[in-house]
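**Q** Listed below are the residues making up each chain.
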Amino acid sequence: MNRVNVKAMSEELFGNKKCPFEVPENYFGDFESRMLKKMEAASATETAGDKVGSVISVVKPWLAMAASFVIIALMYYQVPKLFSDDADISQSVSGEEEFINSLALIVDEKDISEFILTGDANVVLAPDSVFFGTFSEEELAAITYFE
Amino acid sequence: MQPDDKEILYLAQKVNKKNEALALLMKKYKERLYWHIRKMIIVHEDADDLLQNTFMKAWKHIGNFRGDASLYTWLYRIATNETLNYINKKKEGLLHEDADIETMLGNKVESDPLFTGDEIQKRLQKCLLALPEKQRLVFNMKYFDDMTYEQMSDILGTSVGALKASYFHAVRKIEAFIKNEVF
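Taken in sequence, the protein lines are chains W and H.
73 is the number of the first residue of the first sequence in the working numbering; add one for each residue after it.
116 is the number of the first residue of the second sequence in the working numbering; add one for each residue after it.
Since the hints were derived computationally from the structure, they do not count as laboratory data.
Misleading hints may appear alongside valid ones.
What the hints assert, rightly or not - In silico contact screen, one side only, chain W against chain H (beta carbon under 7 angstroms); selected entries:
(1) Gly87
(2) Pro92
(3) Glu94
As the structure is a prediction and not an experimental result, all values here were calculated from the model.
A virtual CB, placed ideally from N, CA and C, is assigned to each residue, including glycine.
Given only the sequences and the hints, what does the whole structure look like? Please build it.
**A** Given below as structure tokens:
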């Protein structure tokens, strides 16, 4: 490899070795004061961040403990309800009972027991049954016709 | 008189003397680091930002400075990394546009009121912008800053042989650009 001799480089080709750039006036004179201000601002921000961080680090375990108590309480009260069918059953039973009780006021006991035993789909109602009291004449005629 | 590196490092360890140490560090190295960055970046505002970042990083990590290298080498290394990272980011950003950093910086050399060189120097700067970043870096450090290959090796973490080869190629490419009137 040829040795590159810097001195031999023609000034005509490379120009003089003086740096061809300048800086704005007083740039280097102001530099330290600008940097110190910037660093003080940065360290103040860091300190504030550290304070917030330290408060959070103190409160965090307490918050976690409170949250875990809330979760346990919710699980204790809500999970059995979510996974149990009791609620639906009790609701449907009470609805059925209410219906039967209301019927007991207007229908005799024999009709009710027959209704309970055979189910309403299989019950063949006589046209004079009190059950027909709730149907209009046209509906009654239709039922009678299909029967 | 320039402050001693040992004195700066000693003061940096003292909590109430940190600002004094920082002021001494900047006083001693700001100009050398600025020109090192500016020759690579061309634009004054960008060089100013990178110089500030260099001192911020140095200041943040000065407690970890083990003294394996001199303070001067360490600072140059930070400044060089900042500069090369900036150039790479700029290149990535320009990938989406129909432009390249060499042309962009070449135009800056043409229009920058803070460029005070003559036509030959302007041509040299344009030739340098056409080189790979590391060759440009080596050329600047050798040609303008008169650094030894050993000093450059400490800063760039590259062997002396590789640096000599880089410089040789850089010079030959620039000569070829000029002879072929590329710029």
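**Q** Checked against the structure, which of the hints given earlier come out wrong?
**A** No hint contradicted; all consistent.
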